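Participant: In order, the protein sequence lines correspond to chains A and B.
Our numbering puts the last residue of the first sequence at 202; the count rises by one with no breaks.
Our numbering puts the last residue of the second sequence at 93; the count rises by one with no breaks.
These aren't lab readings, by the way, just hints derived from the structure by calculation.
In this text the structure is predicted, and so the values were computed from the model without any measurement.
For every residue, glycine included, the Cβ atom is placed at its ideal position computed from N, Cα and C.
Accuracy of the hints is not assured; some may be wrong.
Said to hold, decoys possible - Distance windows between CB atoms, simulated:
1. A/His-121 / B/Gly-24: 22 to 28 angstroms
2. A/Ser-61 / B/Leu-58: 33 to 39 angstroms
3. B/Leu-58 / A/Ile-54: 45 to 51 angstroms
Stated by the list, open to error - Computed footprint of chain A on chain B; a stretch qualifies when at least three of its residues, placed anywhere within it, have a C-beta under 8 angstroms from a C-beta of chain A:
4. 9-19
5. 43-49
6. 53-65
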Amino acid sequence: MTYAATQTLTRWNGGVCPFGAGWRKVMMWWFIVTDGLLFAGFLAAYGYARLLAIHWPNQASVFSLRYIAAMTFVLITSSATMASAVQAAREGRPNVALRFIILTTMGGAVFLGMQAFEWRHLIAEGARLNANPWGEAAFGAYFFLLTGFHGTHVLTGVVVLTTTAIRSAMGWSNAEGVEMAGLYWHFVDLVWVFIFTLFYLL
Amino acid sequence: MKTYWITWAALLVFTVVMLSADSGSMPQTAFVVFMLAAMLTKASIIGANFMHLRTERLPLVVTVVVGLLVTGTILFVLIAPDALRIHHMVTTP
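Sequences and hints are given; from them, build the entire structure.
Facilitator: Below, the structure written as structure tokens:
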């Protein structure tokens, strides 16, 4: 090994396990980074359209911000129950973990129901992908694409959580499996923080 | 588990404060800066406490955070001047 390579390895100081984590966790983090960049690209495109728009609709007059805040409350609460599930699984309390996973799944389902209601309401008011009654055509497109893409992630999360709950109940899932499902769920919550601020509030 | 519920409460407080700021009469620049700062703080809280980045090994944390922040920032910074220029062209007679 060359001197430079030895120096690099010394600085890295990770030995054969530089991240100090199992392959599942590292792969899950890589997935989160790439998926996060997908959302970043999406939000950057939205920012572009927003800066270009001459009259972007006032969100407070289109959406009920209290309703959106309630959706945020549901998602944040489900993240807290998921973190509690991971902790319980790590402490070797599978029954407690299972209860928290079920609560998280219910939170995800409630969020999806609330989003479906919001979509239905806006569609009834005339919002479409290519047009809407509030003026700027891109507004409807970005609303449906951003919230729809995030909603698809929530739906995937609910499926993952349901699978994890069944596997936990059958004794097939260990603490690491619960932790991976948890990482994905927190990512979904994290993305909502950006959508909530950039799309609904700013 | 106590930490997670304290984190939950902090996130809720941030959300309520952001909603209050939205209905208030803050100057536009201050409002945008405040919202972006609050958004990044909330994201950091979720990453650190719920996703346990606080207790992960530094190379993993640096790779994830720098990877996301730097690439994300490049996307926004490169795209914004172009959009602003076109906006200026459209709005200036």
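Participant: Confirm or reject each hint.
Facilitator: Verification of the supplied hints:
no.	hint	verdict
1	A/His-121 / B/Gly-24: 22 to 28 angstroms	26 angstroms, holds
2	A/Ser-61 / B/Leu-58: 33 to 39 angstroms	46 angstroms, violated
3	B/Leu-58 / A/Ile-54: 45 to 51 angstroms	46 angstroms, holds
4	9-19	holds (count 6)
5	43-49	holds (count 4)
6	53-65	holds (count 6)
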